[in-house]
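Kindly produce the complete structure, drawing on both the sequences and the hints.
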Amino acid sequence: MATCEIAAGSKEVMDEFESARKGGLDFYLSRKGCAGRCHVEPTVEVVDPEKGPVLYTKVDAKKAKEIIQKHLIGGDPLAEGEK
Amino acid sequence: MTKQSMHDRSLDVFGKAGFFKSQLRIALRNCGIIDPEDLDDYLNVRGFEALAKVLSGIKSEAVIAEIKKSGLRGRGGAGFGTGLKWELVARERSDQKYVICNADEGDPGAFMDRSIIEGDPFTVLEGMAIAGYAVGSDKGIVYIRAEYPLAIKRLEKAIEAAKKANLLGKDILGSGFSFDIEIRLGAGAFVCGEETALMQSIEGHRGMPRPRPPYPSASGLFCKPTLINNVETWANVPVVIIEGADWFSSVGTEKSKGTKVFALAGKINNTGLVEVPMGTTLRHVIFDIGGGIPGGKKLKAVQTGGPSGGCIPAHLIDTPIDYESLGKIGSIMGSGGMIVIDEDSCMVSIAKFFLEFTQSESCGKCTPCREGTKRMLEILTRITEGQGKAGDIEKLERLGNTIKKASLCGLGQSAPNPVLSTIKYFRNEYEDHINNKKCTAGACEKMLSYTINDKCIGCGACKKACPVNAISGAVKQKHLIDQKLCTKCGECYKTCKFSAIDKG
Chain A
1 MATCEIAAGS KEVMDEFESA RKGGLDFYLS RKGCAGRCHV EPTVEVVDPE
51 KGPVLYTKVD AKKAKEIIQK HLIGGDPLAE GEK
Chain B
84 MTKQSMHDRS LDVFGKAGFF KSQLRIALRN CGIIDPEDLD DYLNVRGFEA
134 LAKVLSGIKS EAVIAEIKKS GLRGRGGAGF GTGLKWELVA RERSDQKYVI
184 CNADEGDPGA FMDRSIIEGD PFTVLEGMAI AGYAVGSDKG IVYIRAEYPL
234 AIKRLEKAIE AAKKANLLGK DILGSGFSFD IEIRLGAGAF VCGEETALMQ
284 SIEGHRGMPR PRPPYPSASG LFCKPTLINN VETWANVPVV IIEGADWFSS
334 VGTEKSKGTK VFALAGKINN TGLVEVPMGT TLRHVIFDIG GGIPGGKKLK
384 AVQTGGPSGG CIPAHLIDTP IDYESLGKIG SIMGSGGMIV IDEDSCMVSI
434 AKFFLEFTQS ESCGKCTPCR EGTKRMLEIL TRITEGQGKA GDIEKLERLG
484 NTIKKASLCG LGQSAPNPVL STIKYFRNEY EDHINNKKCT AGACEKMLSY
534 TINDKCIGCG ACKKACPVNA ISGAVKQKHL IDQKLCTKCG ECYKTCKFSA
584 IDKG
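These protein sequence lines are chains A and B, in that order.
The first sequence maps to residues 1 to 83 in our numbering.
The second sequence maps to residues 84 to 587 in our numbering.
Treat each hint with caution, since some may be false.
As the list claims (entries may be wrong) - Keeping only pairs whose Cα atoms sit at most 25 Å apart, straight-line, the calculated BS3-like set for lysine-lysine is:
#, chain 1, residue 1, chain 2, residue 2
1, B, 104, A, 83
2, A, 11, B, 240
3, B, 236, A, 11
4, A, 51, B, 104
If you're looking for bench data, these hints aren't it; they were derived computationally from the structure.
These figures come from a predicted structure and were not determined experimentally.
Below is the structure:
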């Protein structure tokens, strides 16, 4: 999360994941720096050790909740996620 | 490990989507991959391996020779040979030498240095420590602008973590070499990115350049030999040491080695930071990586190098990006700003925008820059307001060339570039503004007029939209715009569904 990504709304997204973890969901959460894709920020990458990484672009708090519910808890990546 | 391993890792993480596929990430190799506040993350991606390698028995002369051989050139803009700079400082005999990181990134639209520090602060520290060992200095200073609070915070954390792990400080890794880094904040003056002004600022004086020689390598900070490099240059150093000069110099062109990071902005689909090998064409960056111009508009020009750079017209976009080629067509590499301009933009306004910036940032020490840029701006302003006179273009050219030749520092020497390059390639637009009082792109507000044509059905939508009640007319009858009241805001033009409003 660089300044520009925070401006694009990544802090709200991070807060969602943090509160999910505080709520008891067990996953490793890490912030990264700027990858240079200003046009699709904020981005979230979910890595399932068995199924590999899935990238979500233009994530907001609402979409973050959806990712937590469907992907992290349900185990099914959202259709829009890029593999 | 393969030679491209550092870049391949980015591809593994980000996928092989078009945006990353044709990039080669050296300076940005860890940005977006590691947690910038976690030293372990950096160590995992071969962090501090270069420093450890150097300290475990490579002679300082050999380190400098490797950097020289790599062909790395300063990424701050001027492109001075990094290895040569190191050698000049190493040659000096002094009780104290300084290593400075120039993180005073002031170009409007450029943010690669901030991204590197915010995404991978350790690499800058590592690069500086390697240089400290090579030139015989034990003191590093990062000069960073106060407008980058998050970057400063991450840098502070990184320095603290590195010190704790004995990767900075006294007797690093038991090698006997000591190197300490501290942070100095700049107050956001553009001119403080110029090396002599930057050092004046660190010393506590007013940030103003001084004539060179003496060069910083002989007499820099506190009159001691000083090595000063840009953030992006530092980020390249560990890679040169790990992967070797031969690999590094295999990337790029004959005279410009390695890669360059560009901040792609303006009228482009994929805005962002891109890192490409030197010699990549502008077309490739704009259309293949940047995804072209939104709305099917035509490319008009590309502005590179920020306020010190020039405008490159669309017909030259097959120019390879390297220090020499950009210089030849009247622009510069600069710190790597790249602003894409489409057909809706007026080149005179763009030149004026950049000159406004350099004029207000001129420190005022030397007359050509202080007075010259002001006079140039006055002329440009009157041209965009429809008051241009015959001979203005020639006067701009004469002033511009004089300022370039006579100014003390890089700010003045490059300030006229946006104006001179737009005159060179878009002279007809200047002539249109002056002779026909017309701005073809329709961007100069004062020269615009909105009129209603016969397509008007009298719906009244424009009348409602007009904020100054300049439009009159009965329902179902052609409306009229009062030119004296009109503020040229363009609301009526945007509102009309019948193309009944002409702009021009």
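> Are the Cα positions of residue 236/B and residue 11/A separated by 25 Å at most?
Replying inline: 16 Å, holds
>> residue 11/A and residue 240/B were given as a pair; does the straight-line alpha-carbon distance stay at or below 25 Å?
In response: This hinted pair holds, its Cα atoms lying about 20 Å apart.
>> With the threshold set at 25 Å, check whether the alpha-carbon distance from residue 104/B to residue 83/A stays at or below it.
In response: 15 Å, holds
>> So if I understand the rule, the pair passes when the alpha-carbon distance is 25 Å or less; does residue 51/A with residue 104/B pass?
In response: Holds, at roughly 22 Å.
When held up to the earlier numbered hints, the structure conflicts with none and fits them all.
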